[in-house]
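Protein chains: 2
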Amino acid sequence: MEYTIRDANAADMPHVLNLIKELASFEKEDHAVEVTVDDLVAAGYGAQALFHCFVAEADKAIVGMAVIYPRYSTWKGPVIHLEDLIVTEKMRGSGLGNALLKEVVKYGDRAGVKRISWEVLDWNEPAIQFYEKKGARVMRDWDVVQLNEEAMAHFLKNN
Amino acid sequence: MEYTIRDANAADMPHVLNLIKELASFEKEDHAVEVTVDDLVAAGYGAQALFHCFVAEADKAIVGMAVIYPRYSTWKGPVIHLEDLIVTEKMRGSGLGNALLKEVVKYGDRAGVKRISWEVLDWNEPAIQFYEKKGARVMRDWDVVQLNEEAMAHFLKNN
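Going down the list, the protein sequences come from chains A and B.
No gaps in the numbering here: position 12 of the first sequence is 11 in numbering that gives the first Met the number 0, and each next residue is one more.
No gaps in the numbering here: position 12 of the second sequence is 11 in numbering that gives the first Met the number 0, and each next residue is one more.
Only chain A is shown next, with the shape it has when bound in the complex (with noise of 0.2 angstroms):
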């Protein structure tokens, strides 16, 4: 199937909700997903946009996205993260993801920084085995480690 790649723009933001909720569910984690249309529209396309999303169109619908936001290494100085790189079931296999990621790539190279990185699973062996022929590391002794809301407020409370 044919696909194009472009930015997205708010009016995407239901679409790619909907990716977002697929991943979730990939990933065992349904109900994890809490932001809403309004929420994306709001934090990519207001005063301060706090992220790039690429959408694929494949005939007129919405097959895949990426979301993309800078960070900064102490280590590196300036780099990008892939926050979602999602490619809709029915068009696994098609490419699609790679020509996704090529689109995050040139943005990267276009803004001079000096790696992108991102985060997956360790069970996700596909994801794994298509990041690493792509080039990537995936640093498994490094783990991502999360203080939420519930942790944030305990936390002020006893310290």
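Be careful, since some hints might not be right.
No copy is singled out in the list; a pair is fine if it fits within one copy or between any two copies.
Derived pair list, reagent style EDC-like, types lysine to aspartate or glutamate, alpha-carbon separation capped at 16 angstroms [said to hold, decoys possible]: (1) Lys-101 x Glu-131; (2) Lys-113 x Glu-56; (3) Lys-20 x Glu-88; (4) Lys-75 x Glu-1; (5) Lys-132 x Asp-29; (6) Lys-113 x Glu-124; (7) Lys-59 x Asp-6; (8) Lys-113 x Glu-1; (9) Lys-101 x Glu-148; (10) Lys-133 x Glu-118; (11) Lys-89 x Asp-58; (12) Lys-89 x Glu-56; (13) Lys-156 x Glu-26; (14) Lys-59 x Asp-29; (15) Lys-75 x Asp-29; (16) Lys-89 x Asp-140.
Simulated from the structure, these hints should not be mistaken for lab results.
Place chain B on chain A using the hints.
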């Protein structure tokens, strides 16, 4: 030893870089630090700040620091990322790590974020125990992935 914590300014960046290098050495990555004092000053105190830095001062020396910046979670919305939390070796065990983390959590609380995230080496057990004691979740099933400058160039050439 008494210490105070305050927002860093450009004049602190040489000392902040020393702490960055001290941690890189502990993490067996001495040569990975490519940023200079000028880079830190430009990134943190230029037209668009890429990070916010806290420093801890004791006896007129900078003995600790924390570097944070905003990220965007497509599940939760705006979050804060803690890029570095560094306490110089001679100050370990003084409670300074906790005090710096508290400043970060207070900052996140004021900003109304849903989460503070960071990354830890899986063999750094003292750090992991400290974070877990503070209520953080060390997500050992999530790995960090990086596509560095050379890999970006190689990818663009071959895709």
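The hints, checked one at a time:
no.	hint	result
1	Lys-101 x Glu-131	within (14 angstroms within a copy, 37 angstroms between copies)
2	Lys-113 x Glu-56	neither (29 angstroms within a copy, 31 angstroms between copies)
3	Lys-20 x Glu-88	within (12 angstroms within a copy, 44 angstroms between copies)
4	Lys-75 x Glu-1	neither (38 angstroms within a copy, 33 angstroms between copies)
5	Lys-132 x Asp-29	neither (29 angstroms within a copy, 28 angstroms between copies)
6	Lys-113 x Glu-124	neither (26 angstroms within a copy, 29 angstroms between copies)
7	Lys-59 x Asp-6	within (15 angstroms within a copy, 50 angstroms between copies)
8	Lys-113 x Glu-1	neither (32 angstroms within a copy, 39 angstroms between copies)
9	Lys-101 x Glu-148	between (35 angstroms within a copy, 14 angstroms between copies)
10	Lys-133 x Glu-118	within (15 angstroms within a copy, 23 angstroms between copies)
11	Lys-89 x Asp-58	within (13 angstroms within a copy, 63 angstroms between copies)
12	Lys-89 x Glu-56	within (13 angstroms within a copy, 56 angstroms between copies)
13	Lys-156 x Glu-26	neither (32 angstroms within a copy, 32 angstroms between copies)
14	Lys-59 x Asp-29	neither (26 angstroms within a copy, 51 angstroms between copies)
15	Lys-75 x Asp-29	between (35 angstroms within a copy, 13 angstroms between copies)
16	Lys-89 x Asp-140	neither (33 angstroms within a copy, 26 angstroms between copies)
The earlier numbered hints that this structure contradicts are 2, 4, 5, 6, 8, 13, 14, 16.
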